[in-house]
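Quick note, the sequences are listed as chains A and B, same order.
When we follow the working numbering, the leftmost residue of the first sequence carries the number 1, and every step to the right adds one.
When we follow the working numbering, the leftmost residue of the second sequence carries the number 1, and every step to the right adds one.
Note that these hints are calculated values from the structure, not bench results.
Accuracy of the hints is not assured; some may be wrong.
One copy or two, either will do: identical chains are not told apart, so a pair holds if it fits within one copy or between any two.
Claimed, not checked - Think about it this way: if two alpha-carbon atoms lie no more than 20 Å apart in a straight line, the pair counts; the simulated SDA-like pairs of lysine to any residue are:
1. K129 x G33
2. K87 x I380
3. K337 x L391
4. K24 x L53
5. K129 x V333
6. K194 x Q20
7. K165 x G128
8. K129 x L3
9. K87 x S58
10. K87 x L53
11. K24 x D56
12. K365 x P282
13. K87 x I51
14. K129 x N144
15. K251 x K337
16. K194 x Q272
There are 2 protein chains.
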Amino acid sequence: MALIVQKYGGTSVGSVERIQAVAKKVAATRDNGHKVVVVVSAMSGETNRLIALANDISEFPNPREMDVLLSTGEQVTIALLSIALHKLGCPACSYTGGQVRILTDNVHGKARILDIDDHSVNGDLAAGKVVVVAGFQGVDEHGNITTLGRGGSDTTAVAMAAALKANECQIFTDVDGVYTTDPRVEPRARKLDKITFEEMLEMASLGSKVLQIRSVEFAGKYNVPLRVLSSFEEGEGTLITFEEENMEDAKISGIAFSRDEAKLTIRGVPDQPGVAFSILGPVAGANIEVDMIVQNIGKDETTDFTFTVHRNDYHKALELLKESAEVLGAREVFGTKNIVKLSLVGVGMRSHAGIASTMFEALAKEGINIQVISTSEIKISVVVDEKYLELGVRALHDAFGLAGELNS
Amino acid sequence: MALIVQKYGGTSVGSVERIQAVAKKVAATRDNGHKVVVVVSAMSGETNRLIALANDISEFPNPREMDVLLSTGEQVTIALLSIALHKLGCPACSYTGGQVRILTDNVHGKARILDIDDHSVNGDLAAGKVVVVAGFQGVDEHGNITTLGRGGSDTTAVAMAAALKANECQIFTDVDGVYTTDPRVEPRARKLDKITFEEMLEMASLGSKVLQIRSVEFAGKYNVPLRVLSSFEEGEGTLITFEEENMEDAKISGIAFSRDEAKLTIRGVPDQPGVAFSILGPVAGANIEVDMIVQNIGKDETTDFTFTVHRNDYHKALELLKESAEVLGAREVFGTKNIVKLSLVGVGMRSHAGIASTMFEALAKEGINIQVISTSEIKISVVVDEKYLELGVRALHDAFGLAGELNS
Numbered sequence: 001m002a003l004i005v006q007k008y009g010g011t012s013v014g015s016v017e018r019i020q021a022v023a024k025k026v027a028a029t030r031d032n033g034h035k036v037v038v039v040v041s042a043m044s045g046e047t048n049r050l051i052a053l054a055n056d057i058s059e060f061p062n063p064r065e066m067d068v069l070l071s072t073g074e075q076v077t078i079a080l081l082s083i084a085l086h087k088l089g090c091p092a093c094s095y096t097g098g099q100v101r102i103l104t105d106n107v108h109g110k111a112r113i114l115d116i117d118d119h120s121v122n123g124d125l126a127a128g129k130v131v132v133v134a135g136f137q138g139v140d141e142h143g144n145i146t147t148l149g150r151g152g153s154d155t156t157a158v159a160m161a162a163a164l165k166a167n168e169c170q171i172f173t174d175v176d177g178v179y180t181t182d183p184r185v186e187p188r189a190r191k192l193d194k195i196t197f198e199e200m201l202e203m204a205s206l207g208s209k210v211l212q213i214r215s216v217e218f219a220g221k222y223n224v225p226l227r228v229l230s231s232f233e234e235g236e237g238t239l240i241t242f243e244e245e246n247m248e249d250a251k252i253s254g255i256a257f258s259r260d261e262a263k264l265t266i267r268g269v270p271d272q273p274g275v276a277f278s279i280l281g282p283v284a285g286a287n288i289e290v291d292m293i294v295q296n297i298g299k300d301e302t303t304d305f306t307f308t309v310h311r312n313d314y315h316k317a318l319e320l321l322k323e324s325a326e327v328l329g330a331r332e333v334f335g336t337k338n339i340v341k342l343s344l345v346g347v348g349m350r351s352h353a354g355i356a357s358t359m360f361e362a363l364a365k366e367g368i369n370i371q372v373i374s375t376s377e378i379k380i381s382v383v384v385d386e387k388y389l390e391l392g393v394r395a396l397h398d399a400f401g402l403a404g405e406l407n408s
Numbered sequence: 001m002a003l004i005v006q007k008y009g010g011t012s013v014g015s016v017e018r019i020q021a022v023a024k025k026v027a028a029t030r031d032n033g034h035k036v037v038v039v040v041s042a043m044s045g046e047t048n049r050l051i052a053l054a055n056d057i058s059e060f061p062n063p064r065e066m067d068v069l070l071s072t073g074e075q076v077t078i079a080l081l082s083i084a085l086h087k088l089g090c091p092a093c094s095y096t097g098g099q100v101r102i103l104t105d106n107v108h109g110k111a112r113i114l115d116i117d118d119h120s121v122n123g124d125l126a127a128g129k130v131v132v133v134a135g136f137q138g139v140d141e142h143g144n145i146t147t148l149g150r151g152g153s154d155t156t157a158v159a160m161a162a163a164l165k166a167n168e169c170q171i172f173t174d175v176d177g178v179y180t181t182d183p184r185v186e187p188r189a190r191k192l193d194k195i196t197f198e199e200m201l202e203m204a205s206l207g208s209k210v211l212q213i214r215s216v217e218f219a220g221k222y223n224v225p226l227r228v229l230s231s232f233e234e235g236e237g238t239l240i241t242f243e244e245e246n247m248e249d250a251k252i253s254g255i256a257f258s259r260d261e262a263k264l265t266i267r268g269v270p271d272q273p274g275v276a277f278s279i280l281g282p283v284a285g286a287n288i289e290v291d292m293i294v295q296n297i298g299k300d301e302t303t304d305f306t307f308t309v310h311r312n313d314y315h316k317a318l319e320l321l322k323e324s325a326e327v328l329g330a331r332e333v334f335g336t337k338n339i340v341k342l343s344l345v346g347v348g349m350r351s352h353a354g355i356a357s358t359m360f361e362a363l364a365k366e367g368i369n370i371q372v373i374s375t376s377e378i379k380i381s382v383v384v385d386e387k388y389l390e391l392g393v394r395a396l397h398d399a400f401g402l403a404g405e406l407n408s
């Protein structure tokens with residue numbers, strides 16, 4: 001008998017019929033002898049409906065009251081799912097965030113979980129009941145309702161799993177797992193049976209939006225095995241877990257990419273301490289997030305400096321960079337939005353030489369020029385012209401033998 | 001400076017615009033130097049929407065989960081009203097039943113309030129905030145969400161007023177006060193400035209459905225002056241309070257009536273101890289509520305026995321009565337649904353002789369035959385043929401000088 005936390009998102013509980021389908025899945029898991037805690041989101045559309053009501057009254061609604069308002073969305077779902085479980089003869093008990101006592105800080109709208117009281121939930125589990133918990137919400141130390149921000153139900157599920165020392169946290173979503181790359185770009189993309197937390201973090205931050213990145217961090221930190229699977233299809237999904245011996249075989253888990261970046265370069269700045277800060281300080285000061293940062297070794301006592309930002313921030317960043325260039329007496333400033341970032345991700349690359357050269361070779365064979373390179377322990381990213389996105393992804397997918405059967 | 005509890009029902013908060021109008025009323029009360037606690041219902045239609053969702057899943061939804069579901073209705077309203085108050089620059093803080101801690105028993109769907117923790121609410125009032133409380137809901141001692149049953153927001157308001165020792169509990173509704181009788185029957189019906197709790201109870205139980213009878217009992221028990229007034233029109237409404245010296249002048253406060261009754265008679269039963277129980281026992285056993293009960297003094301060692309029940313229970317009651325008649329060897333059983341009950345209500349009748357004779361004279365003048373008479377300390381009820389309803393109400397209204405100006 002295992003203790004399993006299952007999380008169903010808004011689309012999975014988007015109608016009475018879907019809630020009934022979820023109830024069947026949950027009851028089946030319990031019938032298989034497991035203890036089950038279910039975390040649910042608001043029915044799809046409900047949160048937007050509530051936000052619209054508030055915005056009809058005020059452009060900037062009071063944050064505390066917004067949390068009171070929005071938390072009703074999940075409360076409706078926990079009640080309806082519990083009613084559906086009872087209807088199936090499956091004993092169930094619903095909990096709001098405050099009833100569990102999911103204690104958070106008091107940052108309304110994006111609160112962080114501080115502690116979870118497992119007492120009542122464990123009591124109901126021991127009594128053979130399915131426990132249905134409202135995702136996305138908690139209470140602060142004074143009993144004020146807080147929300148974790150949109151998508152926070154994943155975080156609730158992982159936190160519940162951690163607090164209860166669950167054997168597995170299953171995130172049901174509208175995809176059936178994590179793929180080697182986006183199947184819309186490479187139809188032969190293969191579903192991964194397993195992936196490590198670190199790889200998943202790199203995949204998520206690079207654009208594979210299957211899971212909230214925060215919940216993956218959380219799961220890794222608290223040693224909660226995480227499984228992504230489909231609400232609508234049968235299947236084992238993808239298990240996100242710790243590095244194991246046999247994972248060494250797979251050097252590369254997947255190819256991630258991002259179309260959202262723009263590249264800026266400042267050329268001929270003095271090669272001396274403090275110059276990186278002079279360049280990036282004003283950018284950070286304008287709340288622009290910088291992704292890749294590359295500085296080549298200099299010559300003639302000057303150096304070149306390249307970084308990437310979100311495309312939406314490109315023009316603002318370019319302006320700031322021109323100002324810095326004047327102060328620093330730089331030779332030139334230029335940039336482009338017509339780039340994409342391709343990334344190889346895999347824990348295997350730690351212990352395998354030659355990954356990078358295989359990557360560069362594969363791109364060169366297709367005539368793809370690499371503009372910037374950046375590496376981390378389990379990731380190699382390159383910036384290329386955006387026209388090479390599909391070609392590059394497929395070339396790398398092939399080069400590292402990731403392809404499965406052609407998806408129908 | 002007074003402490004005022006205001007309650008707004010579902011129609012009064014039925015749209016964003018109406019919630020904004022309520023916010024203005026509340027803010028104005030605070031601007032006049034009062035401390036204000038507002039109790040609100042769910043937006044009209046919302047409770048029915050939620051019930052429909054649950055019934056789509058189960059014909060008999062789990063009662064605990066129904067309370068979790070339905071309590072979201074008021075929670076949405078408290079958040080929206082608080083947002084509207086903030087928008088007007090009026091500091092406000094919302095409370096669910098559980099957050100106030102309105103402690104109830106655990107009878108889901110019709111819980112009774114056991115205790116109210118006034119600590120947090122008093123703190124916010126002292127800080128100059130308007131406190132917005134979700135009506136109709138509480139928590140049991142284990143923190144399970146309970147509801148007081150439909151219309152229970154009135155009870156919440158009165159209970160809050162009692163706990164906080166408020167100077168007045170104002171119930172805002174879609175009528176502008178309590179009238180001497182139903183203005184649809186007697187256009188010259190007059191709004192009462194004051195009425196006693198006892199009179200209000202008799203009026204309410206006889207069909208003047210302005211207030212939940214339970215909240216009136218509650219207000220009387222805890223000495224909370226209650227005021228009924230309109231959400232949509234200006235005016236002082238009707239104050240429901242304790243008997244005062246000058247109330248003696250008004251012998252009669254109003255004429256109530258009920259169209260919902262049916263009358264049954266059993267004739268020629270043995271005039272001996274236990275016979276009333278033999279007749280009414282089976283009726284009560286079938287969960288049929290009996291309203292008026294009249295037994296005339298007998299002759300020839302037999303007596304006649306008449307009682308009234310709700311029209312919906314008439315056929316069942318008649319069957320039971322026929323069975324009793326056989327057992328008791330009664331001479332005859334008969335009844336009719338074509339009756340109405342007219343009632344004079346007024347604390348003044350305690351100390352004034354002649355009220356009954358004035359009543360009977362007024363009805364006789366119009367040729368209205370009285371079928372049954374029943375009296376209590378502050379009420380005289382008669383049963384007449386239903387065709388005399390309007391004629392009888394107007395005759396009594398005139399006879400006791402209740403008429404005001406003709407309502408436009």
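Going through the hints against the structure:
1. In this homomeric assembly, K129 and G33 come within 20 Å of each other (Cα to Cα) only inside a single copy, at 12 Å, whereas the closest approach across copies is 52 Å.
2. Neither within a single protomer nor between protomers do K87 and I380 lie at most 20 Å apart by alpha-carbon distance, with minima of 52 Å and 50 Å respectively.
3. Taking the shortest Cα distances, K337 and L391 sit within 20 Å of each other inside one copy (19 Å), while across copies they are farther apart (86 Å).
4. Within a single copy, K24 and L53 get their C-alpha atoms only as close as 33 Å, which misses the 20 Å cut-off; across copies the closest is 18 Å, which meets it.
5. Neither within a single protomer nor between protomers do K129 and V333 lie at most 20 Å apart by alpha-carbon distance, with minima of 64 Å and 55 Å respectively.
6. Taking CA atoms no more than 20 Å apart as the test, K194 paired with Q20 passes in neither setting, with 30 Å inside one copy and 53 Å between copies.
7. Taking the shortest Cα distances, K165 and G128 sit within 20 Å of each other inside one copy (17 Å), while across copies they are farther apart (45 Å).
8. Taking the shortest Cα distances, K129 and L3 sit within 20 Å of each other inside one copy (12 Å), while across copies they are farther apart (45 Å).
9. In this assembly of identical chains, the alpha carbons of K87 and S58 lie at most 20 Å apart only when taken from different copies (6 Å versus 41 Å within one copy).
10. Proximity of K87 and L53 under a CA criterion of 20 Å is satisfied inter-copy only: 14 Å between copies versus 33 Å inside one chain copy.
11. Taking the shortest alpha-carbon separations for K24 and D56, only the inter-copy value of 16 Å comes in at or below 20 Å, while the best intra-copy value is 38 Å.
12. In this assembly of identical chains, the alpha carbons of K365 and P282 never lie at most 20 Å apart, being 39 Å within a copy and 96 Å across copies at closest.
13. For the identical chains of this complex, K87 and I51 are inter-copy neighbours only, at 15 Å across copies versus 32 Å inside a copy, given an alpha-carbon limit of 20 Å.
14. Taking the shortest alpha-carbon separations for K129 and N144, only the inter-copy value of 16 Å comes in at or below 20 Å, while the best intra-copy value is 28 Å.
15. Proximity of K251 to K337 under the C-alpha cut-off of 20 Å is found in neither arrangement, the shortest distances being 31 Å within a copy and 87 Å between copies.
16. In the homo-oligomer, the alpha carbons of K194 and Q272 never lie at most 20 Å apart, since the shortest distance is 45 Å inside one protomer and 88 Å across protomers.
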